[in-house]
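Trainee: Just need the whole structure built from these sequences, with the hints factored in.
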Amino acid sequence: MPGGLLGIESLDRIEIETILDRAKTFQPQQSQNRRDMLRGRMIVNLFFEASTRTRTSFEIAAKRLGADAISISASGSSVDKGESLVDTLNTLGAMHPDAIVMRHSASGAPHFLARHLPTPIINAGDGTHEHPTQALLDARTILDRRPTLEGLRVAIIGDIAHSRVARSNMYLLSKFGAHIVLCGPASLLPVELRQIAPGVTLTHDIKDALRGADVIMMLRVQLERQHESAFSSSEYFRFYGLGLEHMSLAKPDAIVMHPGPINRGREISSEVADSQRSVILNQVENGIAVRMAVLERVLSN
Amino acid sequence: MRKLIIRNGRVINPATRLDAVRDVLIEDGKIAGIGEKLHVTGAEKFDAAGLIVAPGFIDMHVHLREPGFEYAETIESGSRAAAAGGFTSICCMPNTSPVNDNATVTSYIIERAEKHAVVNVFPIGAITKNSAGEELAAIGSMVQAGIVAVSDDGRPVMNARVMRRAMETAQSFGIPVIDHCEDLHLSAGGDMHEGLESVRLGLRGIPAASEDVMVARDILLAQLTGARFHVAHISSRHSVEMVAFAKSRGVTVTSEATPHHFALSDGGMPPYDSNYKMKPPLRSDCDVGSVTQGIISGAIDVIATDHAPHPGSEKMQEFEKCPFGVIGLETAIGLALEHLMHPGKISLARLVELFTTGPARVLNLNRGNLAAGAPGDITILDTERAWTYDVNKSASKSRNSPFDGHIFRGGPVATIVNGRIVWSAEQR
Chain A
1 MPGGLLGIES LDRIEIETIL DRAKTFQPQQ SQNRRDMLRG RMIVNLFFEA
51 STRTRTSFEI AAKRLGADAI SISASGSSVD KGESLVDTLN TLGAMHPDAI
101 VMRHSASGAP HFLARHLPTP IINAGDGTHE HPTQALLDAR TILDRRPTLE
151 GLRVAIIGDI AHSRVARSNM YLLSKFGAHI VLCGPASLLP VELRQIAPGV
201 TLTHDIKDAL RGADVIMMLR VQLERQHESA FSSSEYFRFY GLGLEHMSLA
251 KPDAIVMHPG PINRGREISS EVADSQRSVI LNQVENGIAV RMAVLERVLS
301 N
Chain B
302 MRKLIIRNGR VINPATRLDA VRDVLIEDGK IAGIGEKLHV TGAEKFDAAG
352 LIVAPGFIDM HVHLREPGFE YAETIESGSR AAAAGGFTSI CCMPNTSPVN
402 DNATVTSYII ERAEKHAVVN VFPIGAITKN SAGEELAAIG SMVQAGIVAV
452 SDDGRPVMNA RVMRRAMETA QSFGIPVIDH CEDLHLSAGG DMHEGLESVR
502 LGLRGIPAAS EDVMVARDIL LAQLTGARFH VAHISSRHSV EMVAFAKSRG
552 VTVTSEATPH HFALSDGGMP PYDSNYKMKP PLRSDCDVGS VTQGIISGAI
602 DVIATDHAPH PGSEKMQEFE KCPFGVIGLE TAIGLALEHL MHPGKISLAR
652 LVELFTTGPA RVLNLNRGNL AAGAPGDITI LDTERAWTYD VNKSASKSRN
702 SPFDGHIFRG GPVATIVNGR IVWSAEQR
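Which chain is which? The protein sequence lines are A and B, in order. Counting from 1, one number per residue, gives the positions in the first sequence under the working numbering. Counting from 302, one number per residue, gives the positions in the second sequence under the working numbering.
To be clear, the hints were calculated from the coordinates, so they are not data collected in a lab. Take the hints with a grain of salt, since some may be wrong.
Label-pair distances were calculated between CB atoms; the ranges are [unchecked claim]:
| id | chain 1 | residue 1 | chain 2 | residue 2 | range |
| --- | --- | --- | --- | --- | --- |
| 1 | B | D586 | A | T201 | 21 to 27 Å |
| 2 | A | T201 | B | D574 | 40 to 46 Å |
| 3 | A | D253 | B | A510 | 42 to 48 Å |
| 4 | B | G706 | A | R13 | 54 to 60 Å |
Backbone N, C-alpha and C define an ideal beta-carbon position, used for all residues, glycine too.
Mentor: As C-alpha cells, then:
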C-alpha cells in the first residue's frame with residue numbers, strides 16, 4: 001500500500017488478509033513490548049473532525065512501532081483561520097511527513113488530496129463514505145472468535161445511509177462471502193444498497209435482521225447530526241434499538257459489536273452493551289493492532 | 302463593400318432543407334447569396350471544400366459572469382470561448398452580480414458585449430428581483446432593453462403562484478420563461494445524482510424527482526397561462542417523457558439538453574472529481590438514454606451548454622464544498638458529433654437544427670437561417686478531423702471541464718460573425 005489506505009472497496013482479499021494476519025501478531029496478548037520498525041518515521045494525524053478514540057488509537061499504534069506521531073485537530077489550527085484544505089495539506093506535505101492519517105467530515109476529502117499530494121494518506125474516516133481501519137478491526141475481532149467470515153450472517157443495524165463504518169464493513173465482509181443484512185428505517189436505508197456488494201439484503205424489521213445472526217453490528221445513531229429528521233428520534237430505540245429480549249433471535253454464540261462511542265438507551269441497551277455477548281472493548285484493543293499493521297504496511301517501502 | 306465568399310462547402314440549412322454543395326456570399330455582414338459557383342470579384346475567399354457550412358450556431362444557455370465575477374469569466378473571454386466552440390450567438394444567464402433583473406444591467410451587458418464580445422450576445426433577464434423568487438423583476442423594461450427570455454437559472458422560483466405570474470408577464474411581452482427545474486427542498490444538500498453511485502461514494506443525492514416535480518408543475522402552469530415554457534438542461538427520463546406528452550397535448554413547452562447530460566452518466570465520474578459536479582447532476586445511464594431518445598424524437602429542441610465557469614480555487618476543495626457547473630462551449634459540437642451523429646442516432650441536418658433553428662425558434666431570434674438578408678453568421682465544421690481538447694489553452698478564463706485531454710472526431714473549423722472570421726481552427 002505505497003499510496004496509503006483510502007478505502008476497503010478497492011482492496012483485494014489478499015491485501016486484507018495480510019493486514020489481518022499481521023495485526024494478530026500485534027495483539028496485546030502476543031507482546032506488550034514496543035517495536036521499533038518505524039523508528040525515525042514521522043506520521044501526522046490530521047483530524048478535521050473531533051475524534052478521541054480513533055486519533056488516540058492511531059497515536060498509540062504509531063508510538064508502539066517507534067514512529068513519531070504528531071496530532072493536529074482542526075479547531076485552534078490554521079483551518080480555523082479559514083485556510084483551505086489544499087493549502088493546509090500542501091503546508092504539511094512540505095514538512096515531508098512519511099504518512100498523513102486523516103479524518104474529515106467530507107466524503108472523498110482524502111481521495112481528493114491523494115490526487116494532489118505525494119504523501120501517503122490513510123483514511124481515518126471520510127464523511128459518510130468509508131472508515132477502512134474500522135472495518136479491518138471489526139474483521140479482526142470477528143476472526144478472533146470464528147474461523148472464517150465466509151457464510152457468517154452479519155446484521156448491521158441503524159443509520160446505514162450516513163454510516164462510513166457500515167460501508168467499509170459491507171465491502172470487507174462481502175469480499176469474504178459473508179451474508180450481510182442491513183436494517184434501519186427506509187429513510188436511513190437507501191434501496192440502492194442492495195446492489196452495493198454481493199450478499200447484501202435489506203430489511204426494515206430488526207427481528208428479521210437478528211434472526212440467525214452470527215454478528216450484530218450496531219451503529220451509532222446521530223439523528224441530531226442529520227440534515228433533517230429522517231426518523232422520529234423519540235421512537236427510534238423502540239423500533240431499532242437492541243435490547244436483551246432480541247438476543248434470543250440470534251445464534252446462541254452471536255456477538256454484539258459497536259464502533260463507539262455508544263449511546264446507551266439510544267441504539268443499544270446497557271444490558272446488552274455490558275453483557276458477555278458484547279465485544280466492544282475487544283474492538284478497541286484490535287483497533288491499535290490493526291492500525292499498527294496498516295501503518296507498517298503503508299510505510300514499509 | 303466588404304465581401305466574404307465561402308466556396309464549395311456542403312451547405313446545410315435546416316430552415317430550407319438545403320443540403321448541397323454551394324457557395325455562400327456575405328456582403329457587409331449579411332448573407333447576400335447562396336448558389337452554385339457564384340461569380341464574385343474582390344471578395345475574401347474561404348475554401349470550404351470537404352467542410353460543412355451551417356448557419357451560425359446558437360448557445361442559448363451560457364454564464365458569462367460579468368458583471369461581478371470577472372475572475373471566472375468576462376463577456377470578452379466567454380465570447381472567445383464561444384467562437385472557439387463554433388458559436389456565433391450566445392445567451393447569457395442573469396445570475397451575475399448585480400443580477401440582471403432590470404434594464405440598466407441589461408443595457409450594461411449589451412454595451413459591454415458590443416465593445417468586447419466577438420460573437421453576438423443576447424441577455425436573459427431574471428424572473429424575480431435579485432432572483433429571490435418573491436417579487437417579479439422589471440420584465441417589460443428588460444425586454445425593451447434587449448433580453449430574449451427570463452430565467453432565475455440556478456435559483457429556481459419555488460413559489461408556484463410567482464411562477465404563474467411570471468409566465469403571464471412573459472407571455473404579455475412575447476418571450477419564453479426558461480426554468481431550471483429543481484425542487485430545492487428535495488435537492489437540498491445534494492452533491493450528485495441520487496442512486497447507487499451516490500450511496501457508494503457517501504455523497505448526498507439529488508433525486509431525479511427534484512427535477513421531475515418542477516417540470517410537471519411548470520407544464521401545468523404553461524397550460525394554465527398559455528405561456529411559452531422552456532425546460533433548461535433537461536436530464537431525467539421522467540422529465541423527457543413529460544415534455545413529450547405535454548407537446549403531444551399542444552402545450553407550448555420546449556426543452557434543451559446539455560452535451561454532458563447525453564455524454565456522461567454518474568458512474569463515469571472519477572472519484573470525487575469536481576469537474577463532474579454540476580446541476581442537474583450527471584444522472585443514470587437510463588436517464589442518459591432518455592435524453593438521447595428525446596433529442597432523436599424531438600421532445601428536446603435544443604442543445605445548449607450551460608457553460609458555467611468557476612476558477613480553480615473554487616473547484617479545488619472538498620467535493621461537497623465545490624460549486625456546481627462545468628464549462629462547455631468549446632466541446633459541445635465535438636460531443637454532439639461523437640455521441641449523436643457518428644453513432645448514427647441523428648443526421649447531420651438534425652444536429653445543425655439543434656444548434657440553430659431549434660434555439661432560434663424558442664427565443665424568436667432572427668438567426669439560424671441562411672437566407673438572403675439574414676445576419677452573416679456561419680459555423681464551419683469538419684465532421685472527421687481528430688483534435689484534442691487542451692483545457693489549459695481554453696479561451697475561457699476557467700478550466701473546469703471534464704473533457705480535458707479528450708480526443709474528438711470532428712469539430713468546428715471556423716466561426717464567422719456578421720461576415721467576419723472571428724475564429725478558425727489554426728488558433729486552437
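Trainee: For a quick check of understanding: which of the numbered hints are violated here, in increasing order?
Mentor: 2, 4
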